[in-house]
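Q: Residue numbers (the numbering used here), protein chains in the order written: chain S, 56 to 212; chain R, 3 to 187.
Honestly, the hints are just simulated from the structure, not real lab data. Hints may contain errors.
[Unchecked claim] Below are the SDA-like pairs computed for lysine to any residue, each with C-alpha atoms no more than 25 Å apart in a straight line:
| hint | chain 1 | residue 1 | chain 2 | residue 2 |
| --- | --- | --- | --- | --- |
| 1 | R | K92 | R | K18 |
| 2 | R | K60 | S | S115 |
| 3 | S | K90 | R | E122 |
| 4 | R | K92 | S | P111 |
| 5 | R | K134 | R | E52 |
| 6 | R | K134 | R | T149 |
| 7 | S | K90 | R | R120 |
| 8 | R | K60 | S | F131 |
| 9 | R | K60 | R | K92 |
| 10 | R | K60 | S | I121 |
| 11 | R | K18 | S | S115 |
| 12 | R | K60 | S | P111 |
| 13 | S | K90 | R | S165 |
| 14 | S | K90 | R | K60 |
| 15 | R | K134 | R | R121 |
| 16 | S | K90 | S | E75 |
| 17 | R | K134 | R | N87 |
| 18 | S | K90 | R | D118 |
| 19 | R | K60 | S | R123 |
[To be verified] Computed footprint of chain S on chain R, listed as stretches where at least three residues anywhere in the stretch have a Cβ under 8 Å from a Cβ of chain S:
| hint | region |
| --- | --- |
| 20 | 23 to 32 |
| 21 | 47 to 58 |
| 22 | 73 to 79 |
| 23 | 144 to 150 |
Ideal Cβ placement from N, Cα and C applies to all residues, glycine included.
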Amino acid sequence: MTCSERERDLALYASGDLFEPELEQHVARCATCSKYVEDMRALLGELAGDAAPATPVIASVVLGRIRRRRYGWAAFAATAAAASVLIAVMVSMLSRPVETISVTLRAPAAPVVTLPVARGKAQPLRRPRKPAAPPAEPIVVKLVTDDPDVVIYWITD
Amino acid sequence: VNVRVATLSLGLPEAKRGDLAAFEQLIRTHERTVFRLAWRLVGNPDDAAEIAQEVFLKLYRNMGSVDEGRNVGAWLYRVTVNASNDVLRKRRPTAALDEFTHVSAAPSPEQSLAADQRRELALRALDMLPPKERAAVVLRDVEGLSTAEVAEALGSSEVTVRSQISTARVKLKRIVDAMLARRQS
Numbered sequence: 056m057t058c059s060e061r062e063r064d065l066a067l068y069a070s071g072d073l074f075e076p077e078l079e080q081h082v083a084r085c086a087t088c089s090k091y092v093e094d095m096r097a098l099l100g101e102l103a104g105d106a107a108p109a110t111p112v113i114a115s116v117v118l119g120r121i122r123r124r125r126y127g128w129a130a131f132a133a134t135a136a137a138a139s140v141l142i143a144v145m146v147s148m149l150s151r152p153v154e155t156i157s158v159t160l161r162a163p164a165a166p167v168v169t170l171p172v173a174r175g176k177a178q179p180l181r182r183p184r185k186p187a188a189p190p191a192e193p194i195v196v197k198l199v200t201d202d203p204d205v206v207i208y209w210i211t212d
Numbered sequence: 003v004n005v006r007v008a009t010l011s012l013g014l015p016e017a018k019r020g021d022l023a024a025f026e027q028l029i030r031t032h033e034r035t036v037f038r039l040a041w042r043l044v045g046n047p048d049d050a051a052e053i054a055q056e057v058f059l060k061l062y063r064n065m066g067s068v069d070e071g072r073n074v075g076a077w078l079y080r081v082t083v084n085a086s087n088d089v090l091r092k093r094r095p096t097a098a099l100d101e102f103t104h105v106s107a108a109p110s111p112e113q114s115l116a117a118d119q120r121r122e123l124a125l126r127a128l129d130m131l132p133p134k135e136r137a138a139v140v141l142r143d144v145e146g147l148s149t150a151e152v153a154e155a156l157g158s159s160e161v162t163v164r165s166q167i168s169t170a171r172v173k174l175k176r177i178v179d180a181m182l183a184r185r186q187s
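Using the sequences and the hints, build the whole thing.
A: Structural data, given as structure tokens:
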């Protein structure tokens, strides 16, 4: 095996990831491989000394996003709970049995119709002239509840 | 549970019970490592910061499934590598690796360059590696993890990781040598 074919082994040998006595003896004798190992070590040194830029703010951003998500859900849950309570109260009120309601209906009196009495010669019966319509009197519906203080009037024409 | 694992997983049980202060401590223990790894993998700090945030949010959502007896760092490394690879997949390739890897190794005049220039070349070369090889070499040679830890973080076998690392190092050296040769010509 030539030196160039052992590059991958030398790359591991340079960092101590590969140890073979035979390879070590060869590197000690071969100037090319010795230089290769030396350069590789220098290269790995450059990588190990790699200075990253200053770490940006990460923790506070992540925690902020977690809190927003948490409180977002909490707000949603609170709103949903409040809405549920409200709906339950409304359903409960609507489904309560209606207490006794008495209704008094007062309608307007029927108009009086007078028929003419026939005397002597019979006259053809004529349809009486329609009297003028009395002024419309509204229908008043009075709803009396159990609560004496609550009386509902429904007035309509 | 060894001391290192216990230290790196400090606060995890409390965080699992909903203690946000403990979770914050957990983030602060690992944020620099996660950010630096993402930065080295994707090559720019803005993407790296976003990846780091997503990694810790994912940790928060999946804390229940993270084993307290194991190093939470390995879990974070794995998720960071995956998230970084997702970002890289969406990008267009930025440099042609073949152009450098097929150049025969030139005598290296590295010592004539200033330290910051050598570092810059090494980092540019790192950016040209395929994602899996880059992840392996960043974890091993930049972060200083052992081969076993890298294997755990990448979900691979140690044999695979050793192969990736040796291949990646050879490529890195060829790329750096080719860059130096171009500068001199």
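Q: Against this structure, judge whether each hint is valid.
A: Hints versus structure:
1. Between K92 of chain R and K18 of chain R the alpha-carbon distance is near 33 Å, which puts this suggested pair outside the 25 Å criterion.
2. Straight-line distance between C-alpha atoms of K60 of chain R and S115 of chain S comes to about 15 Å, which keeps the hinted pair within the 25 Å bound.
3. Restraint check: the Cα-Cα separation between K90 of chain S and E122 of chain R comes to about 21 Å, which is no more than 25 Å; the hinted pair holds.
4. For the hint linking K92 of chain R to P111 of chain S, the alpha-carbon distance of about 23 Å falls within 25 Å, and the restraint holds.
5. Pair hint K134 of chain R plus E52 of chain R holds up; C-alpha atoms about 21 Å apart against a cutoff of 25 Å.
6. Pair hint K134 of chain R plus T149 of chain R holds up; C-alpha atoms about 14 Å apart against a cutoff of 25 Å.
7. Proposed proximity of K90 of chain S and R120 of chain R is supported: the alpha carbons are some 17 Å apart, at most 25 Å.
8. Annotation: proposed proximity of K60 of chain R to F131 of chain S holds, straight-line Cα distance about 23 Å (limit 25 Å).
9. In summary, the hint linking K60 of chain R to K92 of chain R is supported, as the alpha carbons are separated by about 20 Å, within the 25 Å threshold.
10. For the given pair, K60 of chain R sits about 11 Å from I121 of chain S by alpha-carbon distance, which is consistent with the 25 Å threshold.
11. Under the criterion of a C-alpha separation no larger than 25 Å, the hint pairing K18 of chain R with S115 of chain S is consistent with the structure, at around 18 Å.
12. Restraint check for K60 of chain R and P111 of chain S: satisfied, since their Cα atoms lie roughly 18 Å apart, inside the 25 Å limit.
13. Between K90 of chain S and S165 of chain R the CA atoms are separated by roughly 22 Å; this keeps the pair inside 25 Å, and the hint holds.
14. Annotation: proposed proximity of K90 of chain S to K60 of chain R is violated, straight-line Cα distance about 46 Å (limit 25 Å).
15. Under the criterion of a C-alpha separation no larger than 25 Å, the hint pairing K134 of chain R with R121 of chain R is consistent with the structure, at around 21 Å.
16. The suggested pairing of K90 of chain S with E75 of chain S holds, with an alpha-carbon distance near 18 Å, which does not exceed 25 Å.
17. This hinted pair checks out: K134 of chain R and N87 of chain R have alpha carbons roughly 8 Å apart, not beyond 25 Å.
18. For the hint pairing K90 of chain S with D118 of chain R, the CA-to-CA distance comes to about 22 Å; that is within 25 Å, so the pair holds.
19. For the proposed pair K60 of chain R and R123 of chain S, the alpha carbon gap of about 16 Å is at most 25 Å, so the pair holds.
20. A stretch counts as covered by a chain when three or more of its residues have a beta carbon under 8 Å from one of that chain; for the region 23 to 32 of chain R and chain S the count is 4, and the coverage holds.
21. Closer than 8 Å: that is the beta-carbon criterion, and the region 47 to 58 of chain R has 5 residues meeting it against chain S, so the requirement of 3 holds.
22. With 0 residues having a Cβ less than 8 Å from any Cβ of chain S, the region 73 to 79 of chain R misses the three-residue criterion, and the hint is violated.
23. Coverage of the region 144 to 150 of chain R by chain S holds. Counting CB-CB distances below 8 Å, 3 residues qualify, and the rule asks for three or more.
Going down the numbered hints, you'll see the structure goes against 1, 14, 22, while the others check out.
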